[in-house]
Amino acid sequence: MIHVESLHKRFGKNVVLAGLDLDIAQGGISAILGPNGSGKTTLIKTVLGMVIPNKGTIEVMDTPIGNRWKYRQDINYLPQIANFPGNLKVRELIAMIKDIRQKPSDEQKLIGLFGLEPFLDNKLSNLSGGTKQKVNIVLTFMFDSPLIILDEPTNGLDPLALIRLKELIFEEREKGKTFLITSHIMQFVEEVSDQIVYLLEGKIYFKGSITELKTKTGQSNFERAIAAISTHNNHD
Amino acid sequence: MKRREVFFCSLLLLFGIHLQAGTITVCGSCKVKTIKEGVAMAADFDTLLIKKGTYNEFNIQITKPLTLIGENYPVIDGGDKGEIITIVSDNVTIDGLFIINVGTSYTADYAAIRVVQSEHFLIQNVVLEKLFFGIYLEKCKNGKVYHNKIIGDAVDEYNSGNGIQLWYSQNIVVERNIVQHVRDGIYLEFSDNITIENNISSDNLRYGLHFMFSNDDIYKDNTFENNGAGVAVMFSKRIKMLGNTFRKNWGTASFGILLKEINDAEITGNTFEENTVGISIEGSNRINYSKNNFIKNGWAIKVRGACYTNTFIHNNFLYNSFDLAYNSNLNDNIFDENYWSNYTGYDLDRNGTGDIPYRPVKLFSYIVNRTPETIILLRSLFMDIIDFSEKVSPVFTPDELVDAKPLMKRIK
Amino acid sequence: MIKILKYSFYDLMRSRWSYVYFLFYLLLGFVLLFLNNELSKAVITLMNVIIVLVPLIGTIFGVMYYYNSKEFTELLLAQPIKRSSIFLGQYLGVAGSLTVSLVLGLGIPFALYGLFQSNAIWDFSLLLITGAFLTLIFTAVAFNIALSNENKIKGFGYAVLAWLFLAVIYDGLFLMSLIVFEEYPLDNLSLIATMFNPIDLSRTLILLKLDISALLGYTGAIFKQFFGTNLGLFMSIFMLCLWTVIPVWRLAYVAKRKDF
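Protein chains in written order, with this note's numbering: chain A, 1 to 236; chain B, 1 to 412; chain C, 1 to 260.
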């Protein structure tokens with residue numbers, strides 16, 4: 001699904017990705033983890049073409065992305081900070097994204113799922129953070145695309161919405177979708193992910209299932225295993 | 001009123017001559033085939049009726065009082081050989097001829113019609129084309145040049161002549177003529193008491209009207225448009241310039257009026273529109289400027305050299321790039337109660353004049369005078385800023401040059 | 001691109017600022033006409049306003065919009081849209097809405113005052129065309145500055161400085177160099193210097209209409225050719241187009257290579 005080869009990215013003097021190689025197979029949920037500044041968001045953004053790498057190649061569904069943009073038609077992306085143009089109403093934003101993507105969508109179901117009906121005619125600038133995130137989720141999931149990238153999807157969500165989100169993710173996985181997720185909430189990651197990709201200093205430090213991670217670190221608790229993998233490295 | 005009088009007079013004159021004298025008809029198929037023959041045959045006060053046709057003649061000398069009338073504009077083609085009609089007698093009338101191809105010479109001023117030392121002549125309804133000099137009055141008195149059309153094809157000043165030229169002449173009326181594409185439209189030298197009225201002088205190479213050493217003349221209600229320069233008045237006294245229009249006299253040394261060594265003149269009710277310089281003044285004193293309109297000129301008035309006791313009252317200065325340019329720091333001229341469209345003051349006491357004086361000379365016009373290329377910065381914000389600071393505390397421009405009572409409304 | 005343009009335009013047409021801008025011009029038009037009582041005089045005053053304020057407003061508005069719509073931009077970047085389309089669309093949205101505000105804001109009062117019956121209409125249309133060009137140019141310059149400066153305050157500062165430089169300081173330096181080198185033939189140089197500043201260029205274009213009589217008083221042959229024929233008009237318009245195209249092109253170029 002995604003094939004990344006010797007990816008380098010520098011911001012000024014700050015090296016963020018240093019020859020990263022990654023293969024994500026089709027189907028399943030991969031969580032991209034790592035300490036702050038390890039390049040998670042940068043990696044996602046290079047896959048999306050929002051950040052241009054200094055070196056290396058990225059293939060999405062067997063085609064190099066280069067400077068192309070049409071492949072994004074097959075990706076649904078949930079950005080980390082759900083800020084939208086404040087002058088638009090929720091309804092208008094949804095209509096606009098539909099207009100841009102020109103793909104069949106089922107936003108009605110999602111709006112119902114997250115209880116957004118009362119907010120449809122509100123301006124986005126008047127919405128709370130959690131509601132904005134729900135709108136964000138609707139915008140991400142309303143299209144049927146093989147690859148779904150979620151950057152901190154749980155931000156600001158209430159418990160009910162979180163449950164709905166998880167259900168949604170599982171439902172889509174059943175359909176054979178491929179997920180890339182970053183999150184700070186380890187419990188969420190543990191619940192949803194099939195595979196962990198741990199980034200450190202611009203490279204893949206670990207890639208495997210949660211069980212493999214636990215075995216490797218000798219921890220029975222997932223959160224501790226993650227902590228251990230970080231500290232282990234720090235003392236290296 | 002005056003027009004009608006003139007008309008009746010000339011009509012009476014014509015009929016009078018008719019009654020007393022005989023008429024000789026000239027045409028291609030008549031007994032008299034050329035104008036020269038006709039003139040030779042005619043007795044004093046006879047009329048030559050010239051029928052439509054082309055007459056290839058030049059050097060026609062009229063030595064006795066005659067009336068030459070063209071019927072349907074007969075063409076006299078001079079074939080570029082020299083002068084065409086020379087009048088050396090009093091009481092000659094020329095009416096309704098179409099004269100073309102006057103000879104060009106570098107030594108003699110050939111004219112289409114020359115009047116020499118004569119009185120009581122009338123030249124009217126004549127059309128002149130392809131000419132060198134048009135109508136040339138030499139030491140004449142009491143004559144009239146009325147309703148003629150002179151269309152030249154002058155390209156260079158050195159080999160072209162003037163449309164209507166008066167030399168040492170007095171009491172002449174030049175009225176309702178159209179003069180185009182010659183060197184000077186109308187030229188006066190040593191000619192006094194001349195009235196120039198309702199003429200249209202345009203597209204001439206040098207000046208629309210040119211005075212040299214001529215005194216006590218009046219020109220009024222004329223239009224001068226798109227000439228090399230509008231009107232040059234030089235070394236003359238007591239000239240009255242009334243109600244004329246000066247338009248689009250564009251160019252490096254171009255102006256509506258140039259006044260050079262002019263004293264005691266009156267300039268009233270004229271309109272200066274879109275000229276590079278409206279009036280350019282050099283060494284001229286005691287001139288009254290009133291009720292003139294200066295509209296959209298580059299410079300409404302440019303004062304160079306010594307000019308004393310001139311007064312500018314009740315003029316409209318509208319949208320000129322510069323209202324006034326002065327090349328000296330001294331001022332002995334009076335500006336009072338003019339309307340300046342660039343005036344930004346206020347009238348709190350509602351007496352119709354602004355409460356703060358207007359300074360017509362901008363610092364920028366001083367700078368442009370010094371470095372002409374800076375004209376390209378006209379209307380720049382930077383220029384407005386330094387103009388403003390100069391306005392507040394004048395350093396380069398004459399301190400006392402102000403209109404203390406600028407009008408708030410334009411004079412109709 | 002058309003879609004982005006459409007949404008940016010809608011977004012702006014709905015924002016308070018477009019109305020402020022529109023009302024400002026509307027008010028300006030009425031006040032000018034009220035104070036001057038005459039179309040041709042109002043047109044001259046308006047010229048000063050246009051060559052100073054339009055660039056300033058274009059600059060500020062451009063920078064402001066860019067920074068304010070960052071989220072919108074990021075949202076769009078993840079969509080299947082070409083990058084240059086996003087930025088050009090937004091740019092055209094801003095410049096377009098500003099131009100519409102300008103044209104309507106000034107056009108309405110002047111039209112009500114009998115512009116169409118007046119012969120000031122050509123001067124006025126030229127003013128509006130110049131105003132539109134200045135909006136396009138300075139919005140593009142502002143977008144360029146904002147795109148190259150992540151820091152909002154810095155970007156704002158640079159943009160205002162750029163305006164100040166082109167509107168005032170440039171002419172000051174220009175004037176000083178003309179006076180210092182006055183012994184040399186300067187007409188070529190001064191025309192070239194004009195070409196390098198869009199504000200001067202627009203001013204020249206307007207001068208061609210309002211002050212041609214004064215411009216033709218200068219002796220230089222090059223000036224004469226420039227101002228006396230249509231060359232000046234065509235050159236100025238051509239250069240203004242160039243001034244519009246180059247920043248827009250750079251905008252697309254930089255946008256293509258930038259990380260978000």
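Read the hints as simulated data drawn from the structure, not as lab findings.
Check each hint, because a few of them may be wrong.
What the hints assert, rightly or not - For the chain C half of the interface with chain A, some residues (derived, Cβ under 8 Å), not all of them:
hint : residue
1    : Asp187
2    : Arg250
3    : Tyr253
Claimed, not checked - Straight-line Cα separation of at most 25 Å, DSS-like style, residue types lysine-lysine; simulated pairs:
hint : chain 1 : residue 1 : chain 2 : residue 2
4    : C       : Lys3      : C       : Lys154
5    : A       : Lys103    : A       : Lys175
6    : A       : Lys103    : C       : Lys209
7    : C       : Lys3      : C       : Lys256
8    : B       : Lys248    : C       : Lys6
9    : C       : Lys70     : A       : Lys98
10   : C       : Lys154    : A       : Lys123
11   : C       : Lys6      : A       : Lys132
12   : C       : Lys256    : A       : Lys123
13   : A       : Lys203    : A       : Lys166
These numbers come from a predicted model, not from an experiment.
The C-beta atom is built at its ideal place from N, Cα and C for all residues, glycine as well.
Tested hints:
For aspartate 187(C), the interface hint is violated, the least distance from its beta-carbon to any beta-carbon of chain A being 47 Å, above 8 Å. A hinted interface residue such as arginine 250(C) counts as satisfied when its beta carbon comes closer than 8 Å to some beta carbon of chain A; here the least separation is about 17 Å, so the hint is violated. Because the smallest distance between the Cβ of tyrosine 253(C) and any Cβ of chain A comes to about 12 Å, over 8 Å, the interface hint for this residue is violated. With a C-alpha separation of about 31 Å, the suggested pairing of lysine 3(C) with lysine 154(C) is violated against the 25 Å cut-off.
At most 25 Å may separate the alpha-carbon atoms for a hinted pair to count; lysine 103(A) and lysine 175(A) meet this at roughly 18 Å. With a C-alpha separation of about 53 Å, the suggested pair lysine 103(A) and lysine 209(C) falls outside the 25 Å cut-off, and the hint is violated. A distance of roughly 19 Å separates the Cα atoms of lysine 3(C) and lysine 256(C); the hinted pair therefore holds under the 25 Å criterion. For the suggested pair lysine 248(B) and lysine 6(C), the alpha carbons sit about 48 Å apart, so the restraint of at most 25 Å is broken.
A threshold of 25 Å between alpha carbons decides the hint, and for lysine 70(C) with lysine 98(A) the separation of about 20 Å falls inside it, so the pair holds. Distance restraint check for lysine 154(C) and lysine 123(A): the Cα-Cα separation of roughly 30 Å exceeds the 25 Å cut-off, and the hinted pair is therefore not satisfied. Using a Cα cut-off of 25 Å, the hinted pair lysine 6(C) and lysine 132(A) holds, with the two alpha carbons roughly 23 Å apart. Annotation: proposed proximity of lysine 256(C) to lysine 123(A) is violated, straight-line Cα distance about 31 Å (limit 25 Å).
Between lysine 203(A) and lysine 166(A) the alpha-carbon distance is near 29 Å, which puts this suggested pair outside the 25 Å criterion.
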